[in-house]
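Chains as they are written, first to last, in this note's numbering: chain A, 1 to 322; chain B, 1 to 330; chain C, 1 to 249; chain D, 1 to 435.
Think of the hints as simulated: they come from the structure by calculation, not from any bench.
Backbone N, C-alpha and C define an ideal beta-carbon position, used for all residues, glycine too.
Just so you know, not all the hints are guaranteed correct.
[To be verified] Incomplete in silico selection of chain B near chain A, CB under 10 Å:
no.: 1; residue: Leu54
no.: 2; residue: Met121
no.: 3; residue: Tyr124
no.: 4; residue: Ile126
no.: 5; residue: Lys129
no.: 6; residue: Trp241
no.: 7; residue: Gly286
no.: 8; residue: Val290
no.: 9; residue: Ile296
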Amino acid sequence: MHDPEKWKPIFRKDQALYVQRTSVKLAAAILIDGVIDASWLFIVAVGLTLVFGVLNILNFAHGSLFSVGAYAAASAVGWYYGGDLGPPFLGYLLMLGAAVAVALILGPLLERGVLRFFYRRDEVVLVLVTYALFLILEDATKLIWGAESYYASEPYALLGNVSFFGLSYVGYDFALIGLAVVTGLLLWFSLNRTITGKIVLAVIHDREISRAMGVNVTRVFAFAFTLGIFLAALGGAFTAPKISVQPGIGVTVILLSFAVVVIGGLGSVEGAAIAALFVGFARAAAIHLVPWAELFIVYLVMALVLAFRPEGLFRRMSARKI
Amino acid sequence: MAGIVRTLAAAVIACAALALAGFVTPNWFVLVATLALSKGLVALGIVALMRGGLVSFGQGTFYCAGAYAAGMAMRSFGIGDAALLVALGAIAGLILGIIIAPLLAGYRGIFFATLTLALSMIVYGILNKTYSLGGSDGLNLHAPSFFGYHPARSQNASYALFLFTSLVTVIAAALCRIHFDSVRGLLSHAARDNEIRVEYLGASVRWINGINFVIAAVLGGVGGALSALSLGHIDPDFAFWTTSGEFVFLAILSGYVSVTAVFVAAILLELVRSYSSQYFPNTWQGALGVFLLLIILFLPGGLGSLALRLRPRGAKPARAPAENPNDRAP
Amino acid sequence: MTALLETIGLQKAFGAVIAASDISVAVQRGQTLGLIGNNGAGKTTFINIVTGHLKPDAGRVMLDGKDITGLAPRQVRRDGVSRSFQIPQVFTGLTLDQNLLLALAILRKEGMSSWQPARSDVRTAELDDLLGRFRLRPYREQTIAVLPGGVRKLVDVAMAVTHQPKLLLLDEPTSGVAVEEKFPLMDVIMRAIEGTETTVLFVEHDMDIVGRYADRVLAFSAGRIIADGEPAAVLSNEEVQRYVTGGAA
Amino acid sequence: MKFRRFAAALVAGAGVLGSFTTSATAQDDNVFKLAFVAFLSGQAAESFGKPAVQAATAVIDALNAGSLPKPYDKVGFGGLKIEVHLIDEAGGATKQVEELRNAFERDHVDAVLGYVSSGDCLAVSPAAEELKKLLVLFDCGTPRIFEENQFKYVFRTAAHGAMDNVAMARYLVKRGIKVADVGAINQDYAWGQDSWKDFKGSLAQLEPEAKTKVELWPKFGAGQYGTEISALLQENPALVYSSLWGGDLQAFVLQAAPRGLMKDRVVVLSASDHVLPPLGNKMPDGVIIGARGANGQFAEKSPINDWYVAALATAYPGLIPVQPHYRAAQGLLGLKTAVEKAMAANGGKKPNSEEMAAAMVGIEWDAPPGHIKLALGDGHQAIQSNAAGRTKWDPDAKMVRLVDIEHFAAECVNPPPGIKSADWIAQGFPGAKCD
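Bound-form chain A, shown alone (with noise of 0.2 Å):
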């Protein structure tokens, strides 16, 4: 099996790298590239981490809720064009309706009616208890939708194509970059600069402080549990025009973003921004210049920040006291 030829290029590549590519173009490429991956690991990976950070919860079934709001999102877009009933445009209106919708039902449904069942239970059991409903899920999702495939092109074609330095990007992706800053900039701004949001902060510093001075901790945790289930669709519903919609979407799904959630700190929402970068670039850098790498790199990475820093770019441990 063993094949000398398949490395020969990439060496070669490699040294030829330094002469002849070290340009613009190249940095510029990765750039680009990288940001537009970190954009919807982002939105996944926020939703993740915020779930973990108030519930402690590593959500395993969050990659399957991805996949239900691409669902979801690929069927009303399908339905919308399909019978083109409106303006083109109000397709991400209702893609993020989709979102929306699949967060409200499913939220509460798998909160209030599994989850809580299982709360003060070690968190490595609780990664178990999620890692049922992925298996849940992903029947269900099957159950419903068939095995087929669902496309949800008509958005992505919508903006047209841009070029960077000589290269055409679909003007797509960076609405999705866009998407990305906004999500984070008010869950940024709803968490530092609200009420709930400050309860929801409390809650994640310290749960029983919290309850004690009387927040509703199990209202928070139904509406901090929706929320992350809302940016994990977010991210289905708007990948879903990038791709084609069937069964197993959602798996390499929850690896990313469990990596960049783990890399940024558990927990933490600046911290899954950076990490989200971090991984983009990460990706980016491999596939441009050790393409052979890009299976593992998330993976090094990860086991890299962890042996360094084992809560995460962001997580600070709270210190034991006597």
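Once you've looked at the hints, dock chains B, C and D against the given chain A.
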């Protein structure tokens, strides 16, 4: 010492019982049980860690190491004897464990879990690109011999492997039981209960967890080697996160009280999986998920806790600490 | 002859809060020290620094002339410094027997066996003696989680006094105990360590207890020692009365 | 007390056993129990599992009704009605080995037909051999199965992966397409790695001047290829090769086409016909397509193919048959041929594994894609003809048609017996018969 004698007696009985069970049950069940016991060993390693308050989501690393050690020994050096191959699997686990333990012994809770997971995924990625080891398709192994005995008929072969696996399993289980009941075993319990006091009594929590980690690694290696023999095939999925997740589930399902429960749980899970995929080919994963949820919901202490209720009285084992390390501080 | 414990210019700050500023104390063998001072005065910080739970920003801790500054608690323990805690640090999931068993086993060479069953170890004379001295026999089979606070206090101290520590630091041994139980509790503790070589240093808010058991008192305020000497002298010191005892005594 | 717990465990165990020892049912001699394995869930369900199951259902129903044209007009397999047990291939090779053993040993199926994933094929083959039961692989691609092992009870009724890429390279030559440089994007697992190795090797033989410029290795199931597409655009190779399949390939096309990667450039997709129906007009024209055999639109007119296309059309109106439909049917008919040959030999009673395995060695049969022959691996590995063509959107039929089709004889794109496909390619296809 009475405890040890009892444990050993139980071990002998277990061997006999398993040998008999393997003889009276149909071949398919023998095959399932062999694999279940092998996986159970890996889960037993997690149980050893759990007693110290840690759960590893990356035991696939050692499972994989043991399997590939056995596989390479068989393919490259023509070693065909099961005992030797399993020993190599154990050594592979041991070495890897000793290398990794110092890196991880300082971490707790979800951080420990994620770090082990990251490591296993790196192993997975590297194996996928190691074409000399069959890349993602993996390698096939031929049937092993047992202390010089080469079974001719497939029935004999699977029964022989079952007997051998049972033997290894029972020995490992008995050793673990003895260790868990020992003073050092009790210390692991104490470390999960209150690290501060353990340190103030003059013991090192790092060491306690480190040693438990190495024990888990060795068990992982043994389990991996045995699985490789019973499957006749190894591939990088041995290190994939879902594989590790399955071991964690086994450990949770059995709880950390009873050693026997781990293997009962392993067989139970194999049966549930294979029957659900027989009767609901389209939704077996969902069925498995529901089973998982129900077990975790209604058996918080695991199967072991069921057995525990049979006990009249005496030293109740600790409840699993339901908090992360930070909350544990007074 | 060198002091058993000598601290030289200990400094510790948590952000803006000064928990220890220039703490220099020498403790002679056989003394019984009482540490007084209102909350946040730096008493526990002092103990945490001496036992290695905290590293001082500056200063040194000498034990029998040996510098033990910055050693981990378990190393300090092996050098013979032991402590109890304001909130008992015990293994709530284990039985009382098992708690003490571990306390006895850990520092013993052959103690940490992977083979010797924990159970068969339990009824050793050593353990029995410990149970007797601390009046704990009735509870031996029970899980700590179900035992009342006073008993936990005793277990916490009992775990600290195994292997005859040279220096025993008790952090508020009677806190969280009903008033009428304070003296009996303290009696049990002091009697339990009677006749051993152990030098005791205890933190206490109840001045009667301090007056009764201490032969030397250190008064802390805002991270510094404001008085040091005979109980009577210290307790009558008006600075102490202003800052600590609030005009009592 | 340990005894108590322990005894309880044993009792429980015994109980469990008791309930299952009974599940051994008596064999029925008028029924042929066939386990059919394909992806019912996960990433390969949409592209391979679902079509394969559709095909199996249609063909088996027809077989049990005896409504196939000659020589397949016998009911079921030689008069034995076929009873199907569906098994999901998702869940990893370990699970597949267990399920295969359970199918044979617990459910007493007479043969197992299935497996899309090469990893699964490699894993289950030794298990079937150990149990001495008939295993027929109908889809997986890796040549390793019969090049690295010798099996008595394992057969593969479709050609292995080498031919897919040899045919692609030959198509370029035949159509006089010369390229200076090549860029590749393949999933980083055995399928992608082997496919690219074969295509690269074949091209090195047939068009040595074509240099490899960039090799990209996205993760299986990545779904987002923006960065890879940028890298390809930047390197700007004259030819882009990919062995992507299913959802990954659909996503790649959806993302690559708008960015002009597939314009004014030769694009070779070695195993891609199955994405044409879902993609429709989103698949650009002129892309060179392979179907892992003369499957789907590549299939030439023949009684069995005409019947098959009609049968699928009635069973699933509007369905455009693609490779998995064809490979599954091909496997079923191959198995039917073997079983009926065995029955002819044993006097018409239900054959056992030994008889079926013996009968199947080296058989030939006509399947929808054409004439199939178990020529390799001592008569266990099929060879078949292959084809390639270019895409052309037909707005009236609202489907992608394949034009500029070239067919390649089985002996032209498959190695002769006794040589590993990798060596055969490396040595410049010795003994290839390309009329």
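Taking the hints in turn, this is what the structure says about them:
1. A distance limit of 10 Å between C-beta atoms decides the matter here; for Leu54 of chain B the minimum to chain A is near 9 Å, and the interface restraint holds.
2. Hint on Met121 of chain B holds. Least Cβ distance to chain A is approximately 4 Å, under the 10 Å limit.
3. The beta carbon of Tyr124 of chain B comes within 8 Å of a beta carbon in chain A, closer than 10 Å, and the hint placing it at the interface holds.
4. The criterion of a C-beta within 10 Å of any C-beta in chain A is met by Ile126 of chain B, whose closest approach is roughly 7 Å, and the hint holds.
5. Proximity of Lys129 of chain B to chain A holds as hinted, the smallest CB-CB distance being about 7 Å (cut-off 10 Å).
6. Because the beta carbon of Trp241 of chain B sits about 7 Å from the nearest beta carbon in chain A, less than 10 Å, this interface hint is met.
7. Residue-level restraint check for Gly286 of chain B holds (minimum Cβ-Cβ distance to chain A is 3 Å; threshold 10 Å).
8. Here the hint on Val290 of chain B is kept, as its CB sits about 6 Å from the closest CB of chain A, short of 10 Å.
9. For Ile296 of chain B, the suggested interface contact is upheld, since its CB lies about 6 Å from the closest CB of chain A, less than 10 Å.
Hint violations for this structure: none, all hints satisfied.
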